[in-house]
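Chains as they are written, first to last, in the working numbering: chain A, 408 to 549; chain B, 3 to 498.
Honestly, I wouldn't trust all of these hints.
[To be verified] Distance ranges between label pairs, derived from CB positions:
(1) Asp366(B) <-> Thr469(A): 55 to 65 Å
(2) Asn533(A) <-> Thr351(B): 38 to 48 Å
(3) Asp279(B) <-> Val447(A): 23 to 33 Å
(4) Gln411(A) <-> His52(B): 50 to 60 Å
(5) Lys382(B) <-> Asp468(A): 45 to 55 Å
(6) Gln341(B) <-> Asp419(A): 56 to 66 Å
(7) Asn32(B) <-> Glu409(A): 28 to 38 Å
(8) Arg480(A) <-> Asp345(B): 28 to 38 Å
(9) Gln523(A) <-> Pro67(B): 23 to 33 Å
(10) Pro67(B) <-> Asp493(A): 35 to 45 Å
(11) Arg462(B) <-> Glu409(A): 29 to 39 Å
(12) Arg120(B) <-> Glu441(A): 46 to 56 Å
Since the hints were derived computationally from the structure, they do not count as laboratory data.
Remember, it's a predicted structure, so these values are computed and weren't measured experimentally.
The C-beta atom is built at its ideal place from N, Cα and C for all residues, glycine as well.
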Amino acid sequence: MERQTQPDKKLDIPIRRFITKRLIGVNKDSTIQESAARMVEFRISSLGILDEGKVIGIVTDTDFKKRALAEGRSPKDSVLEIMTPDPVTADVSSSVRDVLEMMSREKIKHVIVTDQGKAIGVTTLNELEDLDLQSLETYIAR
Amino acid sequence: MKIFHFSDIHAARGKKFRKKNLLHIIDEINSGDFDLAVFTGDATDEGQRHEYEIASSMLQKIECPLVSIPGNHDARSGGIKLFEKYIGPQNGVLECGDAVVIYVNSAIGDSNDGRIGRGKFNILKNALNEYSEKPIKIVAIHHHILPTPMSGRERNVLANAGDVLDLIQRADVDLVVSGHRHYPNVYEVENTVYINAGTASSAKTRYGDVNSYCTIDIDENTKNVTIKRLNGEDTVRKYHRKIKCAFSDFGNREFRAVQLSNTYFSQSRSFLSQHYDEAVKSIRRFDPDLLIHCGGIVKEGIPADYNCAIREINKLDYPMIFTPAARDINYLGYHLFNQNFGDLDQQYTDDDILFQGISTPQYDSSVGVVGETERKTLLKDLTEADQKFRSVFLHHNIIPIPHSREKGLLEDAGDLLRELVDEEIDLILTGTSYHSYATRVGGTVIVNVNSVSSAYQRSRFGNSFNLIDIYEKAIVVSEISSFWGKRKLLGIWERN
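Given these sequences and hints, build the entire structure.
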């Protein structure tokens with residue numbers, strides 16, 4: 408019997424299964440420098456811009472390079488100048504496949520994860536690459 | 003939605019089965035407007051046919067939708083096949099309005115222990131994926147996942163409780179219902195409420211308790227749990243989905259601690275010296291206020307390993323406190339630990355913070371225990387420091403850890419966990435099972451650390467230590483890989 412290529416079931420897993428449900432951000436009044444300092448402090452590649460707990464934008468490592476340094480902005484300028492407003496979001500029940508397709512379609516590497524409309528975390532392409540770690544648990548759980 | 007939860011009816015002939023109490027409970031179910039009843043196992047006392055006949059005739063009187071799962075007593079004497087005949091399927095899924103109940107059999111034939119084997123783990127995992135969008139997700143398992151108080155030796159949690167706990171937390175399950183220990187108890191872990199029902203009608207209760215059951219009012223954001231004892235005493239606990247996920251305001255950083263364990267200092271190949279040296283460089287970069295070693299300093303409690311330990315520890319010029327693992331006190335280690343590292347129960351304190359160690363290993367044994375007398379002393383010391391940020395550190399686990407089995411759990415974990423959570427201790431640090439994990443039980447953040455430089459570790463992330471930053475408004479815990487210095491966020495929690 409000829410073998411058929413099987414769809415990768417891992418891609419059907421909802422993203423809630425592997426994200427750390429925490430999002431690190433700064434208040435919308437923060438400067439570019441303060442935002443960069445927070446990313447350095449936590450060694451993270453993206454940062455939510457929050458207005459009373461609601462995510463209004465996102466900045467990534469690339470934004471500091473392209474929109475701050477390359478455009479000669481002052482570190483004292485508002486982070487709102489360099490953020491991407493209304494970031495792409497995915498509900499926590501979305502499958503890995505949906506999120507990957509979203510990343511590919513929008514040409515982005517970071518997606519804000521929401522639950523009942525509230526931001527609860529961020530998922531990155533790097534994290535999705537760690538998916539294989541999860542496949543072990545079934546094998547180990549004897 | 004209103005749910006009725008009862009457990010451990012232990013139907014049998016004779017006085018140890020209190021039939022009258024069960025009939026009273028069934029009346030309560032049928033006279034209340036419950037949407038669902040969940041029975042979490044031990045329908046029978048010995049898995050005998052005549053016991054199943056009694057249990058079945060009783061459970062059939064329940065008029066609302068009922069989910070029943072088997073317990074360890076139902077799997078005695080080959081009785082598990084009779085469960086299917088008299089009561090229903092061992093595993094399954096029931097949708098009920100906004101809720102879904104996923105139930106699995108955790109019993110092992112003729113054993114009191116529990117396990118969710120590979121097949122059932124997959125049933126649970128796949129169902130949680132499939133019903134990911136259901137507003138209310140409920141899991142029913144006979145054996146408890148978190149240690150329960152008043153239960154003596156804590157060895158009957160699910161063998162793979164750590165993996166099940168992690169799966170349930172990741173899937174954001176709303177409610178987990180269990181039985182088994184005949185003592186009612188409720189914990190909130192992040193946004194999930196874990197309920198252990200007492201026994202509904204067995205004479206075998208704990209600490210002179212009476213028979214009991216639970217009622218639960220649940221919607222997407224609220225869970226009101228009432229433990230109802232048949233003497234009329236009610237205990238009400240209310241939970242709201244409150245875990246904050248997006249953090250922008252941390253306040254100043256007040257304290258930075260590095261948590262490490264299982265350095266395994268020795269001349270053997272199981273001590274990964276290069277990993278340790280890289281970790282030392284990372285630790286220096288983080289410049290912590292305190293290092294907390296949660297045990298497993300040496301590979302064996304022998305002079306050569308302790309000599310190696312002193313050499314290696316001297317590379318870290320920071321205040322450091324230790325708690326031993328069994329391997330640290332074995333052979334001559336009992337003397338060598340004391341001689342080289344000080345008291346068994348060490349402490350770091352200033353005006354605002356207390357890290358209190360409690361020794362858990364026993365000489366020549368892998369079983370960890372605190373002991374009732376020692377727990378009383380610990381609680382007294384902690385209560386006196388209630389104006390400070392309070393942390394307890396110990397070697398053995400107080401909750402099950404993913405990718406490990408129950409042997410890392412403290413023998414009296416059930417009592418200690420209940421006491422520390424009730425005392426609203428801010429942070430508990432543990433250091434065995436060779437896998438990092440962090441979560442919050444009630445208001446207490448519990449953090450386990452992987453091995454920093456032992457060849458024996460279980461994480462694909464590799465050997466690691468934890469960085470614990472205490473800010474004015476939050477506790478931030480990150481895992482740092484020993485070799486690469488890669489940082490992974492384990493969690494952020496608002497301060498109490």
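Hints, one by one, checked against the model:
no.: 1; hint: Asp366(B) <-> Thr469(A): 55 to 65 Å; result: holds (57 Å)
no.: 2; hint: Asn533(A) <-> Thr351(B): 38 to 48 Å; result: holds (40 Å)
no.: 3; hint: Asp279(B) <-> Val447(A): 23 to 33 Å; result: holds (25 Å)
no.: 4; hint: Gln411(A) <-> His52(B): 50 to 60 Å; result: holds (52 Å)
no.: 5; hint: Lys382(B) <-> Asp468(A): 45 to 55 Å; result: holds (50 Å)
no.: 6; hint: Gln341(B) <-> Asp419(A): 56 to 66 Å; result: holds (57 Å)
no.: 7; hint: Asn32(B) <-> Glu409(A): 28 to 38 Å; result: violated (58 Å)
no.: 8; hint: Arg480(A) <-> Asp345(B): 28 to 38 Å; result: violated (56 Å)
no.: 9; hint: Gln523(A) <-> Pro67(B): 23 to 33 Å; result: holds (27 Å)
no.: 10; hint: Pro67(B) <-> Asp493(A): 35 to 45 Å; result: holds (44 Å)
no.: 11; hint: Arg462(B) <-> Glu409(A): 29 to 39 Å; result: holds (34 Å)
no.: 12; hint: Arg120(B) <-> Glu441(A): 46 to 56 Å; result: holds (49 Å)
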